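Protein sequence lines correspond, in order, to chains P and B. In terms of the working numbering, the first sequence opens at residue 59 and continues consecutively. In terms of the working numbering, the second sequence opens at residue 529 and continues consecutively.
Because the hints were derived from the structure by calculation, they are not lab data. There may be inaccurate statements among the hints.
[Stated by the list, open to error] Calculated lysine-lysine pairs in the DSSO-like style (CA-CA distance at most 27 angstroms, straight line):
(1) P:Lys120 / B:Lys655
(2) P:Lys118 / B:Lys837
(3) P:Lys112 / B:Lys823
(4) B:Lys563 / P:Lys118
(5) B:Lys563 / P:Lys63
(6) B:Lys655 / B:Lys823
(7) B:Lys655 / B:Lys837
[To be verified] Which bits of chain B does chain P cover? Going by a derived footprint, with three or more residues having C-beta under 8 angstroms, they are:
(8) 550-561
(9) 664-674
(10) 859-873
The structure presented is a predicted model; accordingly, all values stated were derived computationally and were not measured. From the three backbone atoms N, C-alpha and C, an ideal C-beta is built for every residue, glycine too.
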Amino acid sequence: MEVQKVRLRIYGMTCDDCAATISKSLKGEDGVLEVKVSLEDGLGEVAFNPERVKPADILKNKIFAKPSHYKATIDDQ
Amino acid sequence: MENDTERFDLIILGRGAAAFSAAIKASELSSGGMKIAMVGVGPLGGTCVNVGCVPSKYLLEAANAVFRPRHPKVPGIEPASVKFDFSELMKNLRSYVSHARDTKYVRVLENYGNVKLFTGLGRFIGKKTVMVSDSEGNRKVVLSASNILIATGSRPSVPNIEGLKECGFQTSDTIWGLEKLPKSVAIIGGGAIGLELGQALLYFGSDVTIIEALDSLLPQTEPEIGKSLRLHLENEGMKFMLKSRVGSVRAEEGMKFLDVVSPHGKEVLEVEEIIVATGRVPNTEYLDLNMAGVKTDQRGLIITSRNMKTSASGIYAAGDCVSKSMFLETLAAREGVVAVSNMFGEDIEIDYNSSTWAVFTNPQVAGVGMTENEFASQNGSCSFRIFSLENLTKASIMGETDGLIKITVDPKTNRIAGMHIMSPNATDIITEGAYAVRENYTIDDVVATSHIFPSISEGIKLAAQSFIRDITKMACCVE
Ligand SMILES: Cc1cc2nc3c(=O)[nH]c(=O)nc-3n(C[C@H](O)[C@H](O)[C@H](O)COP(=O)(O)OP(=O)(O)OC[C@H]3O[C@@H](n4cnc5c(N)ncnc54)[C@H](O)[C@@H]3O)c2cc1C
């Protein structure tokens, strides 16, 4: 299995707790191996097992679903 | 990538209805955090507010205000002449457009500090990189983003008719600048735009002839409605040349002469003004879509999935530049929302089937879902009823009984598959059809729902009831 990485542009974070909450929730996603969330840059870096999870599934993590005010898009720049 | 590239989270190409709805939705979803570049030329708001829905509906309202007192429907009321100043009226139309643009677009954008406007045309120079240039093609700035929405809309198409350019003509882009009412007008194209403009000018007093290549009007609707509308407009004085084509045009002594090939042979039509309303073409050729891997259809319209995703990852399209069959402000706005929501990982689709469309003639025409023919060709059989406004109390009180309501149902389930209406206020009451098609209502659901008596909307209930009984033998209080 080759580990893949995706960068997320994360919106709605205001403090370190936000970053920690998002990080924790993403880590709970099946197939997600490592998560780094930066409050300062509004970015998240997620390492994942492509056989178990796709970037589109990561965007659907419950932390980004209503009524949560955190939202994310894929950042591939 | 060049050093002077400005990075954004989202680039929106265009600044019309699709672009604005997308920018607002993206700002809401990101709590104002998304850095958005909005690129475009021309006045903010694009077609709808500047040269489309808004001025055309204003003109029709004004025309109705002139026409109605001259043609009272109640016996005992004498026709009254209405004085009007066409040039003043057009001046007010333009000032209303500018007010609407200001309140609905210019000032709205001031609330979104995360949206940066770039004036110029955008063109792909890489998969996620766009160059903004001035009208001469000179580079102004280069932008890049992970997500790009193409919402560049469309413009009037002008057929290649000998002498037309030299002779001069109006389109829906230019007509709003008219100062003087033309005494006679030839409108090339009998679609929604041609019919709306034609009826407005007719009501003001122009002599109007519509030249249409097909043998009927509004092919998207039921043939009974196309025919009924033509008869109504003919009774009002509009002339039609169906199955006809303009071969060439020339100008002489202030008049324009159209050589028309019709089923009756060659005819020459002499008019003061020509309006070209032969459809629209997408603004996609400048975009260099190949650079981004975005595919188009034969007409240059961008092919998307129902999620508004194009063939290139991270690039979406919305509005009149998308390959589809209905081109409406409402759809453009909805597609913008669908595209942006999907950028945020949602999985929503545009629902064309329950989208309503309309023509704002008098009487109005509106529709939703499938026609009888569409349903029958997809499913082998269908069941439908046509309810004439002759049988509707409200319509006969109003003296406006030209029109009908046609409902098509799936004979296996009685679910409503389509509703097409020609009636006063059809554009308002069609929403009932939209709910019915979207929520799979049966004709029994419609019959069991309260409708005001007497009203035009009661016609929908009667049309539904006509599936179960002969409504000509029905008292008006039967449920
Ligand atoms: C006369 C008329 C009457 C109408 N009446 C109705 C009605 O009653 N109801 C209804 O629902 N619909 C109506 N419509 C249709 C409606 O106006 C359109 O469906 C809608 O405005 C399309 O919006 P859009 O955002 O896709 O495109 P537009 O509003 O056309 O916006 C496109 C934008 O893209 C920009 N652009 C073009 N090329 C580029 C480029 N290369 N780079 C960047 N920007 C670019 C343009 O400057 C413009 O700002 C009418 C249309 C007309 C013409």
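**Request:** Kindly indicate which numbered hints from before are broken by the structure, ordering the numbers from low to high.
**Result:** Hint 1 alone not satisfied by this model.
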